[in-house]
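Visitor: Below are the chains, spelled out letter by letter.
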Amino acid sequence: MIDGSRPSRMSRRSLLVSTAALLVTGAAARARTITQGMPWEPGTASPPLQVRAGPWMFFTPDEAATVEAAVDRLIPPDERGPGGKDAGCAVYIDRQLAGPYGVGAGLYLRPPFMPGVASQGYQSPDMPAARYRAGLKALADYVKATFAGKAFRDLASADQDQVLSGLETGKIALKDVNGAQFFALLLQNTQEGFFADPVYGGNKDMAGWKLVGFPGARYDYRDWVERYNEKYPLPPVGIMGRSDWTVKE
Amino acid sequence: MARKLPRKDVVVVGLGWTGSILAYELAKQGLDVIAIERGPWRDTATDFPPGYAQDELRYGVRLDLFLRPQQETLTVRNNMKQTALPIRSFSGFLPGNGVGGAGVHWNGQTWRFLPSDFNLRSHLEQRYGADKIPADMTIQDWPVSYDELESYYDRFEKLAGISGKAGNLNGQKQAGGNPFEGWRSSEYPTPPLKQNYGSALFAEAAQKLGYSPFPRPSANISEAYTNPLGIRMGQCTYCGFCERFGCGNYAKASPQVCVLPALMRMPNFSVQTESEVTKINLDSTGKRATGVTYVDTSGEEWEQPADIVLVCAFSLFNVRLMLLSGIGKPYDPVSGKGVVGRNYAYQTTSGVSMILKDKILNSFIATGSGGMMIDEFNGDNFDHKDLGFFGGGYMGSGQTGARPITTLPVPKGTPKWGAQWKKAAAETYSSGYGISTHGSSYSYRDCYLDLDPTYKDHFGRPLMRMTFDFHDNEIKMSQFLTDRLAEIAKALDPVEMTASPRKGPWNSTIYQTTHNTGGTVMGADPETSVVNRYCQSWDVSNVFVPGGASVFPQNHGYNPTGTVGALAYWTADAIKDRYLKNPGPLV
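Here the protein sequences come in this chain order: A and B.
Each step along the first sequence adds one to the number in our numbering, with nothing skipped, and position 54 is 54.
Each step along the second sequence adds one to the number in our numbering, with nothing skipped, and position 281 is 1281.
Incorrect hints may have been included.
To spell it out: a stretch of chain A is covered by chain B in this simulated footprint if at least three of its residues, at any positions, have a beta carbon under 8 Å from a beta carbon of chain B; those stretches are [what the hints assert, rightly or not]:
no., segment
1, 114-124
2, 181-194
3, 230-236
Read the hints as simulated data drawn from the structure, not as lab findings.
Since the structure is predicted, the reported quantities are computational estimates derived from the model, not experimental observations.
Built from N, CA and C at the ideal position, the CB exists for glycine as well.
Sequences and hints are given; from them, build the entire structure.
Guide: Below is the structure:
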């Protein structure tokens, strides 16, 4: 019985101490009692962490080369702007897979796993990181066997397209992997990387937003809402501003 | 063994819209109130500042503000013959998480139900004959009328600063508003929002076809406003990041923006965050609640004794907590007996997508609740005699912001990737346009909630199981509404258009709406309802379920939050004016 022994409000110091403890236990946050005012304290916001250039964090070099080649076919470079590779889509996917998304953090993963009907959704313990690892391995094996020992990145563009299309439509059967599901995941993540805020490593120089004309993280259009049929004139900005505003590292 | 905390007058389960309204109203009476919230503290300054609130990936795709299925989920199936499987990752509907609940990430569409929605069964029987209502349709009258709720709707709208134009002031029709709405005792607190190009085009086309378009009532407010609690709200900037996002401008009504600044400074209120209520405790008679048990993040179990328990979680979780606590008899779809879990209903939505000729729509300029609507085909606003269905919905330009990961229109037949896709995406983004319907979902004998026999949560308690599918009535209704919407779309002379009426089976992976209703429905008869007209449990009179959408006897063709807010005030008054003076059953 510890009636009255709990602090009525957690101080910044005790929050820091408890946060340090959480790094060990892995919990996301801690129960607290809040009373007598809004618990606002400086420095407690959680802005997104900027993805930095550098070594692959999830992909092996071979996997990365395959993914870079694939995202450049899904979104090919042309006169309209960069393709998936130069827009950083593979970097984006790599960092996502290395983070909470890759392991399906927060999802309900208790057994039993049973196949259901389509309306019941994805019912497998395999999360994106594992699905990429298995999918890329099965794809490499397929390409090697079909194209005289070659890797996906070494195929001609037309052959790469044919392989991707074969996966999409289910015409190519990968060993132990549902190729159509793997393709759908790759396509979804590639488009995320192309259109997500550049802070996550893709959409480099806002290539995706410029392509379609989306102004990004701007938040005030009061002056333009009633200007009908006129193209919004300002270029996009991201959460970190624009690359030409910041000091080059 | 739970450690016992000092007694409180009132314990509130969940600090969203209903929880904060009730907590404020009862704390103002001098009662000692504690709210127990499963999720974290959230506020504008730390959780959604305009520096990074506009992040489609984090909030719109990875769903940062939402409930993690690991915390709680449910199993789903379309009918009783199937084995229900867990929703492992929410996508069809998105329950909120944390202080503010779903009131943080909503779009802000704030409607009142129609007067005839409240006496739905008697109204339909009288107009069309009792034999015309399908035998398995378990719709019933609300135990409260529109007239009784009017002043409570008004209070919620003033709390939230709702923008709009009245169509019926004290019985007098007003130009520019919704001619079908029930009478209003006052104009909306703030004037209508500005409309973007797409909405202006929709309104023009609808008018040409003889309809009466009006601006959708909105919790994204059109000008700065000070609410009755003295809290100042900001003006909407049309940033297009409402749905799934918190508002960094203090311009979208939420508990954070409209209630918490006043509530949190009351010395007799506290909130315990990151703590999950596992059970409402009953005394040995089973007729009286003694408080609740909750578990904090360290796994420590606490007992919070209280004289009044207010169940204010998200609608689905209200139902589960009642089932897990053994309050009220669980519903059995075979015998039709029992009440907890009965009359679960959803919402029947549909849309028409178009590409317009040579139009620059700038459809990223939007608000969650902007748009021009028509209400000719809602409720019983139109004659159902020869239509073969009941119900309806509003329809209009539901453009909530064209964020390009999730909104990227391309012409029909375009491949999903490659050079052609890229070209189409670039060319169509500015002229692609979607309009939508938002329709009723009536209740049926075989659509219900109960406890799952197989799957458990992280405390080892059974998950809730949802058994739901659209019925013929709703499929026909959706086809009819979508056809009318398509006629308006055609008047816009699009390059191409695709109409998508709702078809079964209901699919939990396609986002439709988060408007889950029923399960602890309110009614005049304990045989067919869980709570009485004051949202008070028939079985345990010091337990109230104050106005969450779980008390709706069926769902009508409007978004629920306006009615949820009105019922919260209605219940607060019943507790203040009646229950406190004479604790016990109010009916």
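Visitor: Sort out which numbered hints this structure fails and list those numbers smallest first.
Guide: Violated: none.
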